[in-house]
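Novice: As they're listed, the protein sequences go chains A and B.
Residues in the first sequence are numbered from 1 upward in steps of one, following our numbering.
Residues in the second sequence are numbered from 106 upward in steps of one, following our numbering.
FYI, nobody ran anything at the bench for these hints, they're computed from the structure.
Honestly, I wouldn't trust all of these hints.
As the list claims (entries may be wrong) - Derived lysine-lysine pairs resembling BS3-like cross-links, with alpha carbons at most 30 angstroms apart:
(1) B:Lys630 <-> B:Lys301
(2) B:Lys255 <-> A:Lys7
(3) B:Lys140 <-> B:Lys264
(4) A:Lys78 <-> B:Lys201
(5) B:Lys267 <-> A:Lys57
(6) A:Lys88 <-> B:Lys407
(7) A:Lys15 <-> B:Lys267
(8) A:Lys88 <-> B:Lys346
(9) A:Lys67 <-> B:Lys542
(10) B:Lys511 <-> B:Lys267
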Amino acid sequence: MSIQIDKNKCISCGKCGNVCPGNLIYNDLQGKAFIKYPEDCWDCTACIKECPAQAIKLYLEEGIGGKGGYLYTSQERKDCLIWHMVDKFGKEKVISINRKVSNAY
Amino acid sequence: MNYKNKTCEIDVLIVGGGTAGCFCALTLAENSGLKVIIAEKANIKRSGCLAAGINAINAYINPGETPESFVEYVKNDSEQVIREDLVYSIAKKLNKTTEKIEQLGLPFLKDDHGNYVQRGKRSIKINGENIKPILAGAIEKKPSITVINKLNIVDYLVKDNKIIGAYGFSIEDRELIAIYARHTVCATGGTSGLYKPNNPNLSRHKMWYSPFNTGAGYAMGIRAGAEMTSFEMRFIALRCKDTIAPTGTIAHGVKVPQINSKGEEYIHKYGKPSTHMRLYATVQENKAGNGPCYLKTKGISKDQQEELFKAYLNMAPSHTLKWLENNSGPASENIEIEGTEPYITGGHSACGYWVDINRKTTLKNLYAIGDVAGGSPKKYVTGCFAEGEIAALSIIKEFKHDRTEKLTEQELKEKFSGITKFLENSKNTCSINLIEKTLQETMDKFAGGISEHYEYSKNRLELAKSELKTLFELTNGLKAGNFHELMLIYEIIDRLYVGKVLIEHLLARQETRWRCYQENTDFPKKDDKNWLKYVNSKYENGEIKIIVRNLVKKDENYEHSN
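Please model the entire structure based on the sequences and the hints provided.
Specialist: What follows is the structure, encoded as structure tokens:
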């Protein structure tokens, strides 16, 4: 199901479209970002990490284990990327990752 | 209709701003005053294979290992048919390039003595989520490098059998661009999207290799008559079902075995557990009715599980989402694994441009590095860095400030109209999607895809060959409604060229050298007597000519002579 961009949250900064490795995101007539080719999304989350307004969410399609939940990121300090995973009931799990710290695996 | 166009001149043009291309540009900037352009289809900040991140540095000489033992490992794992000289030249640079990326800001796990922490025999632990922004940030600081993002290069500019640059179009600015360069470096990455992928429809790009690497660099080389090597050594990865996320983090990091549905560890039944044999074993278990197969993670600790959630967010975030929204995790459930569709990529297998020790191709003034350069499997990220450095140092050594050669205005105009004809075609005689789908179905059924357990035979390849011929003809009638569709048209044409060459290579190797990668049912055994050779090819006058070459050994430092 790839990404969904919330038009109400989009601040028209263009960063998502700029960074998408597949050139899949364009602006509509109001200047709001939308994913023009959702079936071509790689789920790399480059746009999500780039969005300063938390307007972009990643969904998994039903056929590959999606259950209506979604994921987005926010940034607390410069080096701290916070991942928000929300299930279909709205229950949220937050995982905070310091970009300066290595994986354990 | 007239479209905007421009031409420019530069010392070095690097086509593709991924792992290899970025490192090549940095090396040129740090060791010379040469002016460099990186032509990038998307944006170097997140383009190429490393968009989402990587999970480890997988090519590193750990204590107890040597560059020589690295070559032996790659040779044995790849059934002897590698360019030992190339792999050795990479092996000698792996640790230096690793230190370099650490200096640029990539975080490494270290022990109390400040040494890197090993993950496997040849890998070390990192946080690779931010690797592309780190590389892009370093490039931004170099005034001698100009990055042109959203520029889709479609072909080389050729004069008197010399590569004098490349041309294409800007997707964003809707402009045609020709770049003349004294040296051109191809770093566009390998090919995905040739075969029917694991997942259909809206998840069709939920694949392991970048779906945006569509073989442009190979196709440009093929069309210009460059010699190519070992396309028949396809690469097929063993991955987590559905999300196609990597398995190495768990297999090497947590160290759990692969089991079948009966709970048996099955790998050892099939002989030495090389990369292709672990895949083959899994395919055979499924064929025998013992599937599905799993990574046995059930029972790992909650702490280990939390660390895996993080590790996957740093490279394949959709897998962590899958676990969490299903209220599951590796501690409570084993992870089902499956083989991907075949890819053509020289970073993992040996396919690509036939290059000399300095990464020069057989076309004058053209270098190839990273996934497009053949002969050296298992180079991964640090090996791509090494090749970027090797090419850069060779360019600096050989650079002469002579006059840039150019096409005549008329010749360039003809090149540009080759692009714009797709915008001007009056109506679509066929859709891009239909050609892509037919190509993928054809390769899947007749050239050894997932549905055929990766097996192929001459009869079936002949059918694939004839289908591809039809598809080639259909591309002439494609209509691009905008510059994005123009990019999609070139992506499909490039894949058809790669597919055409791949079929000839699969036909030419009359043995089965690598399980699954090259499973020729007409010749199901490995034949060391006749096939310890490279299968190479050249595209001449519309025909693919096969060239069989003898193996090059470690200290030979091969240079092109014939």
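Novice: For each hint, tell me whether it holds in the structure or not.
Specialist: Cross-check of the supplied hints:
1. B:Lys630 <-> B:Lys301: holds, 27 angstroms
2. B:Lys255 <-> A:Lys7: holds, 24 angstroms
3. B:Lys140 <-> B:Lys264: holds, 22 angstroms
4. A:Lys78 <-> B:Lys201: The hint holds at about 28 angstroms.
5. B:Lys267 <-> A:Lys57: Violated, because 48 angstroms separates the two Cα atoms, which is more than 30 angstroms.
6. A:Lys88 <-> B:Lys407: Since the Cα atoms of Lys88 (chain A) and Lys407 (chain B) sit roughly 23 angstroms apart, the hinted pair holds (cutoff 30 angstroms).
7. A:Lys15 <-> B:Lys267: violated, 39 angstroms
8. A:Lys88 <-> B:Lys346: Holds. Lys88 (chain A) to Lys346 (chain B) sits at ~22 angstroms (cutoff 30 angstroms).
9. A:Lys67 <-> B:Lys542: The given pair, whose Cα atoms are some 27 angstroms apart, holds under the 30 angstroms limit.
10. B:Lys511 <-> B:Lys267: Holds: Lys511 (chain B) and Lys267 (chain B) sit about 11 angstroms apart, inside 30 angstroms.
The structure is inconsistent with the numbered hints 5 and 7, although it conforms to all the rest.
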